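The primary structure of each chain is shown beneath.
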Amino acid sequence: MRSDLKGRDLITTQEWELDAIEETLRLASDVKRRPQAYSDVFKGKSLIMLFFNPSTRTRLSFEIGMTQLGGHAVYMEADSGWIGKGSESIKDTASVMARYGDAIAIRIFPNVTGWRYGESNRVVREFALWADVPVINMECDMFHPCQALADIMTIREKKGDPKGKKFLLSWAYHPNPLPCSVPNSALLISTRFGMDVTLLHPEGFELDEQIMKWARKNVEESGGSLQVTSNVEEAYDGADVVYVKSWGSLKYYGNPQEEKKLRVKFRNWTCNEELMSLTKKDSIFMHCLPIRRNVEATDGVIDGPHSVIYDEAENRLHVQKAVLMLVL
Amino acid sequence: MRSDLKGRDLITTQEWELDAIEETLRLASDVKRRPQAYSDVFKGKSLIMLFFNPSTRTRLSFEIGMTQLGGHAVYMEADSGWIGKGSESIKDTASVMARYGDAIAIRIFPNVTGWRYGESNRVVREFALWADVPVINMECDMFHPCQALADIMTIREKKGDPKGKKFLLSWAYHPNPLPCSVPNSALLISTRFGMDVTLLHPEGFELDEQIMKWARKNVEESGGSLQVTSNVEEAYDGADVVYVKSWGSLKYYGNPQEEKKLRVKFRNWTCNEELMSLTKKDSIFMHCLPIRRNVEATDGVIDGPHSVIYDEAENRLHVQKAVLMLVL
Amino acid sequence: MRSDLKGRDLITTQEWELDAIEETLRLASDVKRRPQAYSDVFKGKSLIMLFFNPSTRTRLSFEIGMTQLGGHAVYMEADSGWIGKGSESIKDTASVMARYGDAIAIRIFPNVTGWRYGESNRVVREFALWADVPVINMECDMFHPCQALADIMTIREKKGDPKGKKFLLSWAYHPNPLPCSVPNSALLISTRFGMDVTLLHPEGFELDEQIMKWARKNVEESGGSLQVTSNVEEAYDGADVVYVKSWGSLKYYGNPQEEKKLRVKFRNWTCNEELMSLTKKDSIFMHCLPIRRNVEATDGVIDGPHSVIYDEAENRLHVQKAVLMLVL
Numbered sequence: 001m002r003s004d005l006k007g008r009d010l011i012t013t014q015e016w017e018l019d020a021i022e023e024t025l026r027l028a029s030d031v032k033r034r035p036q037a038y039s040d041v042f043k044g045k046s047l048i049m050l051f052f053n054p055s056t057r058t059r060l061s062f063e064i065g066m067t068q069l070g071g072h073a074v075y076m077e078a079d080s081g082w083i084g085k086g087s088e089s090i091k092d093t094a095s096v097m098a099r100y101g102d103a104i105a106i107r108i109f110p111n112v113t114g115w116r117y118g119e120s121n122r123v124v125r126e127f128a129l130w131a132d133v134p135v136i137n138m139e140c141d142m143f144h145p146c147q148a149l150a151d152i153m154t155i156r157e158k159k160g161d162p163k164g165k166k167f168l169l170s171w172a173y174h175p176n177p178l179p180c181s182v183p184n185s186a187l188l189i190s191t192r193f194g195m196d197v198t199l200l201h202p203e204g205f206e207l208d209e210q211i212m213k214w215a216r217k218n219v220e221e222s223g224g225s226l227q228v229t230s231n232v233e234e235a236y237d238g239a240d241v242v243y244v245k246s247w248g249s250l251k252y253y254g255n256p257q258e259e260k261k262l263r264v265k266f267r268n269w270t271c272n273e274e275l276m277s278l279t280k281k282d283s284i285f286m287h288c289l290p291i292r293r294n295v296e297a298t299d300g301v302i303d304g305p306h307s308v309i310y311d312e313a314e315n316r317l318h319v320q321k322a323v324l325m326l327v328l
Numbered sequence: 001m002r003s004d005l006k007g008r009d010l011i012t013t014q015e016w017e018l019d020a021i022e023e024t025l026r027l028a029s030d031v032k033r034r035p036q037a038y039s040d041v042f043k044g045k046s047l048i049m050l051f052f053n054p055s056t057r058t059r060l061s062f063e064i065g066m067t068q069l070g071g072h073a074v075y076m077e078a079d080s081g082w083i084g085k086g087s088e089s090i091k092d093t094a095s096v097m098a099r100y101g102d103a104i105a106i107r108i109f110p111n112v113t114g115w116r117y118g119e120s121n122r123v124v125r126e127f128a129l130w131a132d133v134p135v136i137n138m139e140c141d142m143f144h145p146c147q148a149l150a151d152i153m154t155i156r157e158k159k160g161d162p163k164g165k166k167f168l169l170s171w172a173y174h175p176n177p178l179p180c181s182v183p184n185s186a187l188l189i190s191t192r193f194g195m196d197v198t199l200l201h202p203e204g205f206e207l208d209e210q211i212m213k214w215a216r217k218n219v220e221e222s223g224g225s226l227q228v229t230s231n232v233e234e235a236y237d238g239a240d241v242v243y244v245k246s247w248g249s250l251k252y253y254g255n256p257q258e259e260k261k262l263r264v265k266f267r268n269w270t271c272n273e274e275l276m277s278l279t280k281k282d283s284i285f286m287h288c289l290p291i292r293r294n295v296e297a298t299d300g301v302i303d304g305p306h307s308v309i310y311d312e313a314e315n316r317l318h319v320q321k322a323v324l325m326l327v328l
Numbered sequence: 001m002r003s004d005l006k007g008r009d010l011i012t013t014q015e016w017e018l019d020a021i022e023e024t025l026r027l028a029s030d031v032k033r034r035p036q037a038y039s040d041v042f043k044g045k046s047l048i049m050l051f052f053n054p055s056t057r058t059r060l061s062f063e064i065g066m067t068q069l070g071g072h073a074v075y076m077e078a079d080s081g082w083i084g085k086g087s088e089s090i091k092d093t094a095s096v097m098a099r100y101g102d103a104i105a106i107r108i109f110p111n112v113t114g115w116r117y118g119e120s121n122r123v124v125r126e127f128a129l130w131a132d133v134p135v136i137n138m139e140c141d142m143f144h145p146c147q148a149l150a151d152i153m154t155i156r157e158k159k160g161d162p163k164g165k166k167f168l169l170s171w172a173y174h175p176n177p178l179p180c181s182v183p184n185s186a187l188l189i190s191t192r193f194g195m196d197v198t199l200l201h202p203e204g205f206e207l208d209e210q211i212m213k214w215a216r217k218n219v220e221e222s223g224g225s226l227q228v229t230s231n232v233e234e235a236y237d238g239a240d241v242v243y244v245k246s247w248g249s250l251k252y253y254g255n256p257q258e259e260k261k262l263r264v265k266f267r268n269w270t271c272n273e274e275l276m277s278l279t280k281k282d283s284i285f286m287h288c289l290p291i292r293r294n295v296e297a298t299d300g301v302i303d304g305p306h307s308v309i310y311d312e313a314e315n316r317l318h319v320q321k322a323v324l325m326l327v328l
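Protein chains in written order, with our numbering: chain A, 1 to 328; chain B, 1 to 328; chain C, 1 to 328.
Bear in mind the hints are in silico, worked out from the structure with no lab data behind them. Just so it is clear, the structure is predicted and the values come from calculations on it, not from any experiment. It is possible that part of the hints are untrue.
You can't tell identical chains apart in this list, so a pair holds if it fits in one copy or across any two.
Claimed, not checked - Below, in silico cross-link-like pairs of lysine-lysine (DSS-like), each with a Cα-Cα straight-line distance of 30 Å or less: (1) 45 x 6; (2) 251 x 158; (3) 32 x 43; (4) 213 x 6; (5) 43 x 6; (6) 6 x 265; (7) 32 x 45; (8) 261 x 213; (9) 166 x 265.
Using the sequences and the hints given, assemble the complete structure.
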């Protein structure tokens with residue numbers, strides 16, 4: 001394994017070199033094929049998991065991943081007092097944690113940091129600054145790098161080389177304004193791997209301009225393409241991969257009542273079998289879960305022949321084990 | 001070990017064949033005698049424990065049991081949103097969990113499912129339907145199979161062959177209407193093993209008719225007997241085993257104010273030393289714990305010579321380790 | 001290792017013989033130097049941790065300590081119903097836990113027991129009475145023995161033999177009335193090791209008279225000294241060790257509004273660089289953490305050259321591993 005990844009933080013895949021990502025995906029595939037071969041690598045090692053927000057998949061895949069590698073993950077419901085308003089500074093918390101644990105993983109959503117876009121990400125980075133052990137982002141308000149790694153691993157398993165494949169990232173309706181971390185991360189990883197990416201959303205749901213800049217830079221380097229549209233039928237036409245996700249409008253970030261007025265206009269943005277029939281015959285339907293059934297997508301799509309959602313969820317386990325082995 | 005138990009769910013002992021239960025009890029005894037012999041069987045394996053309701057004994061015995069077998073148990077406080085009202089379907093939750101964990105254990109009481117009798121049990125069964133790993137019932141609104149197994153193991157240890165021994169299952173007062181899972185399970189396991197069973201309760205506290213039917217069928221097959229009475233002194237007379245438990249009236253299920261009016265009439269239904277003096281000299285006093293002291297039974301009984309409550313609690317550990325080894 | 005420590009409880013260092021403490025510190029140093037040498041000693045063993053109050057350091061250091069020794073720690077948020085007011089007696093809870101776990105560790109602050117001084121300690125002792133496995137005090141309202149052990153270990157590492165060194169234990173301001181467990185424990189351990197101890201606090205913040213008696217007895221036996229003063233400059237003069245901590249006034253225990261009136265008069269009691277300049281050049285600044293920055297001490301002190309706070313926190317891990325290995 002690459003020794004230069006030891007000690008590295010994973011805040012976003014965008015900050016990892018392409019060959020570091022390739023190394024991670026190679027290791028993840030091997031871990032998936034031969035889990036027993038890695039059963040003792042983390043004997044006596046501990047991952048400290050800080051959840052400012054609850055979680056099912058992320059918690060289970062990290063905790064069980066550490067167990068399968070012979071180590072242990074500490075599940076902590078994190079206290080919002082830790083991020084500056086309470087009795088302890090991030091410097092002190094992070095410095096002490098680094099004396100006990102071998103790595104720190106953090107989940108922190110925008111509601112914890114007062115809905116100022118980028119502020120949750122800043123907290124993760126401040127932990128990383130003070131902790132002299134690797135810090136892994138388990139989803140902040142900007143990035144969900146482990147989801148992105150699981151996504152590209154799943155695309156490769158199902159569709160082979162991503163290069164030149166048509167990747168549709170589609171907004172969907174949801175009753176609540178959800179974070180942008182997953183669409184941001186999906187956009188960054190798909191453009192990184194040379195896919196022909198279509199970003200589909202109604203007007204008003206544009207992603208962060210910094211993310212868009214990175215995506216365009218990725219396209220230049222990878223030889224893929226990126227188009228943004230609000231034309232649903234055109235966007236689905238001939239897609240190899242349909243990635244559905246809801247997110248809130250950045251225009252009304254932290255202002256849910258105004259945001260809702262904009263969003264409800266698009267409550268018919270549900271991925272259904274008719275739309276899926278416009279895609280390639282062997283296309284795949286992806287979602288990071290949890291999914292609001294018959295709102296974001298119909299049961300027919302979720303349980304249908306294109307759906308790979310459970311395989312995608314399973315790959316979280318494998319990529320995270322790989323990340324942990326590379327950075328610890 | 002019987003390979004045909006691999007992959008089996010444990011929802012109620014009633015659905016396990018008698019020889020599967022015998023196998024479980026044999027293994028439990030061996031685990032109790034020689035714990036070291038089983039210290040590595042679950043290396044790298046994880047049990048996902050979903051607690052919709054808090055727990056002391058159940059959580060500790062499962063979590064420590066997995067540890068003693070070399071594995072790990074994930075403790076999750078479950079979200080009532082997972083059972084249909086929230087953002088994720090049981091199908092999705094269970095399907096994904098089965099990709100990460102090697103088994104799933106669930107505790108869910110009637111308050112979580114709106115006090116519709118049998119509804120909590122239905123949720124456990126829906127998890128079992130979608131998860132292709134074993135699902136273990138850690139107590140629903142109908143059954144507590146691990147308690148039943150610990151109970152029959154304790155009876156055997158203390159009294160030898162249960163066949164023909166007099167088993168008194170007595171209602172007791174408690175300030176709150178408790179679930180019927182423990183009395184249902186105690187009735188089913190005692191009749192299954194050919195005991196002469198007396199079910200003692202005040203009028204209005206009849207158990208579910210389906211449970212009573214199963215109990216009568218068990219009696220026919222096992223050669224034991226079953227009588228139901230509200231005559232306290234007669235019921236205690238000559239008992240080998242006194243099993244005390246409070247439960248709420250099914251007549252007023254989910255209607256605590258009306259139920260309370262009925263229940264308070266029987267607030268003197270406390271097991272005391274006078275009643276215990278009517279039983280056999282070497283009789284045993286059992287309770288699943290936690291027990292409301294001097295309400296369900298007096299300190300004199302709980303701490304007295306008949307009491308086997310801590311041994312009974314300990315046996316939870318051993319039977320659950322056996323169940324896990326057989327189904328995983 | 002001393003076999004006579006097997007099975008011992010650790011409620012306060014004051015009840016452990018000096019040579020038992022020495023043995024603990026020796027083992028802690030070896031564990032710190034050669035952690036790998038102890039990686040399998042607790043295979044299959046479980047520590048049950050009961051937290052009536054939340055915790056970062058204590059939880060992480062115990063949980064990760066058990067993991068590093070090959071065992072497991074169960075994290076339980078304890079229910080105040082367990083201490084007599086609820087459905088289960090301490091006798092039943094402790095007796096059952098001792099059937100599952102190999103040791104029990106408890107944190108319980110004064111707010112849980114109604115702010116009657118000594119009552120939280122009484123609860124820990126009642127658990128110890130009924131549990132026939134070792135009980136470790138993870139901080140009650142009177143003692144924090146693991147902090148005391150980490151403190152004296154840190155002093156030895158940084159200053160050599162504590163005998164004759166000047167130890168300043170200084171009160172500091174904090175917006176809330178904090179428990180006396182840490183100052184009590186620091187006073188007891190420093191006097192035990194023959195240090196020249198100065199206890200500095202404003203009038204009204206006297207420590208418990210029983211603790212003071214023990215401290216004076218320690219001084220007699222250890223050949224150190226103890227003076228109490230409210231003169232800040234004199235107290236800092238020539239100190240080798242500055243130990244800063246806030247605590248509430250026992251005069252208004254459980255009466256926060258009256259207590260606040262007394263405390264706010266001393267809101268300028270902040271340890272700063274000017275005060276530190278009165279101490280020896282190579283003095284060390286200690287605090288158990290969490291610390292309210294620029295209230296209890298300034299950033300300049302906390303992040304300055306005298307500060308050993310993170311080493312002190314790290315030593316919690318090593319001394320607790322030593323304690324566990326000696327008593328389990």
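Using 30 Å as the alpha-carbon threshold, which applies to residue 6 and residue 265: within, between, both, or neither? neither (48 Å within a copy, 51 Å between copies)
Same-copy or cross-copy closeness of residue 32 to residue 45 [CA-CA at most 30 Å]: For residue 32 and residue 45, both the intra-copy (21 Å) and inter-copy (15 Å) Cα distances are at most 30 Å.
Is it within, between, both or neither when you check residue 213 against residue 6 at 30 Å Cα-Cα? within (29 Å within a copy, 53 Å between copies)
Taking 30 Å as the upper bound on the Cα-Cα distance, should residue 43 and residue 6 be classified as within, between, both, or neither? both (17 Å within a copy, 26 Å between copies)
Give the relationship of residue 32 and residue 43 under a CA distance limit of 30 Å: within one copy only, between copies only, both, or neither. Classified as both: same-chain Cα gap 19 Å, cross-chain 17 Å, threshold 30 Å.
With 30 Å as the alpha-carbon cut-off, assign the pair residue 251 and residue 158 to within, between, both or neither. Intra 36 Å, inter 55 Å, cutoff 30 Å: neither.
Check residue 45 against residue 6 for me: Cα-Cα at most 30 Å, and say if that holds within a copy, between copies, both or neither. both (15 Å within a copy, 27 Å between copies)
From the Cα coordinates, with 30 Å as the cut-off, is the pair residue 166 and residue 265 best called within, between, both, or neither? Classified as within; 28 Å inside a copy, 69 Å across copies.
Up to 30 Å between alpha-carbons, please classify residue 261 paired with residue 213: within, between, both or neither. So residue 261 and residue 213 pass the 30 Å test inside one copy only (28 Å; across, 57 Å).
When held up to the earlier numbered hints, the structure conflicts with 2 and 6 and fits the remainder.
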